[in-house]
Amino acid sequence: DTEVTQTPKHLVMGMTNKKSLKCEQHMGHRAMYWYKQKAKKPPELMFVYSYEKLSINESVPSRFSPECPNSSLLNLHLHALQPEDSALYLCASSRTSDDTGELFFGEGSRLTVL
Amino acid sequence: AQSVTQLGSHVSVSEGALVLLRCNYSSSVPPYLFWYVQYPNQGLQLLLKYTTGATLVKGINGFEAEFKKSETSFHLTKPSAHMSDAAEYFCAVSSLFGNEKLTFGTGTRLTIIP
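Just so you know, the sequences run in chain order A and B.
Everything in the first sequence is counted per the working numbering, starting at -10 for the first residue and increasing by one.
Everything in the second sequence is counted per the working numbering, starting at 13 for the first residue and increasing by one.
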């Protein structure tokens, strides 16, 4: 199993809503990542979890709150988002965060903030 | 500091023609170089990578790339384009510090002309 599964695939929310994006992998990877991708742009790193601990927060606004309940799951909690937060949110995993090998990406959750 | 520059945000080639996507890198330490592909409405998938050793790297779907230190380049090629190659291609660089420092280029959209 070499898949990273993200749910939901599409999400529309208002600026006052609270929602969550979920990511799951069963490859035994110990590093998991959240990226944000705007249209026609490369992915931008948001957060890195290494062995279930947050190791990198790329100055992301507090309206985005990551959570890693266990080594297979990664959540991104969303609250009071702005329309400019509309984007494709990609989850990825790798064996470890200091591994220079392959990042495995999910298909993404496309978020629209109204 | 490290960065990659992808020359040409859009490349169009005829079906059956040579594909050449250009990538130049800048890194103060020996680089690890990657090409990722993103099909419409999907996540990123690793095409190939260079870490150490042989400078000509072969990847999936008939793609290959050559690491040229003297030219600081890592161009992606495929001898004969197929309609299914239409996608966005991202060059990326990291170092021995691992995936936390993976830096993506701005991407090249490849269009295949029937």
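Quick caveat, the hints were computed from the structure, so don't treat them as lab data.
Where hints are given, some of them may not hold.
[Unchecked claim] The list that follows gives simulated cross-link-like pairs (lysine to aspartate or glutamate, DMTMM-like), each with its CA atoms no further than 20 Å apart:
| id | chain 1 | residue 1 | chain 2 | residue 2 |
| --- | --- | --- | --- | --- |
| 1 | B | LYS61 | A | ASP87 |
| 2 | A | LYS25 | B | GLU83 |
| 3 | B | LYS113 | A | GLU91 |
| 4 | B | LYS113 | A | GLU47 |
| 5 | B | LYS113 | A | ASP87 |
| 6 | B | LYS61 | B | GLU83 |
| 7 | A | LYS29 | A | GLU(-8) |
| 8 | A | LYS29 | B | ASP97 |
| 9 | A | LYS8 | A | GLU96 |
| 10 | B | LYS113 | A | GLU73 |
[Stated by the list, open to error] If you only want the chain A side, here are some residues facing chain B, beta carbon under 10 Å, derived:
| id | residue |
| --- | --- |
| 11 | MET4 |
| 12 | LYS8 |
| 13 | GLU33 |
| 14 | PRO72 |
| 15 | GLU73 |
| 16 | ALA76 |
| 17 | GLU91 |
| 18 | THR101 |
The C-beta atom is built at its ideal place from N, Cα and C for all residues, glycine as well.
Hint-by-hint comparison with the structure:
1. B/LYS61 <-> A/ASP87: Roughly 16 Å separates the two Cα atoms, so the pair holds.
2. A/LYS25 <-> B/GLU83: violated, 31 Å
3. B/LYS113 <-> A/GLU91: holds, 13 Å
4. B/LYS113 <-> A/GLU47: This hinted pair holds, its Cα atoms lying about 11 Å apart.
5. B/LYS113 <-> A/ASP87: Roughly 9 Å separates the two Cα atoms, so the pair holds.
6. B/LYS61 <-> B/GLU83: holds, 18 Å
7. A/LYS29 <-> A/GLU(-8): violated, 24 Å
8. A/LYS29 <-> B/ASP97: This hinted pair holds, its Cα atoms lying about 17 Å apart.
9. A/LYS8 <-> A/GLU96: The given pair, whose Cα atoms are some 19 Å apart, holds under the 20 Å limit.
10. B/LYS113 <-> A/GLU73: This hinted pair is violated, its Cα atoms lying about 25 Å apart.
11. MET4: Not OK, violated: A/MET4 not within 10 Å of chain B, min 25 Å.
12. LYS8: Constraint on A/LYS8 not satisfied, violated at 20 Å.
13. GLU33: Hint holds; A/GLU33 Cβ to chain B Cβ min 8 Å, cut 10 Å.
14. PRO72: At 21 Å from the nearest chain B Cβ, A/PRO72 fails the 10 Å test, so the hint is violated.
15. GLU73: Hint on A/GLU73: violated, closest Cβ of chain B at ~19 Å, above 10 Å.
16. ALA76: violated, 13 Å
17. GLU91: holds, 5 Å
18. THR101: violated, 14 Å
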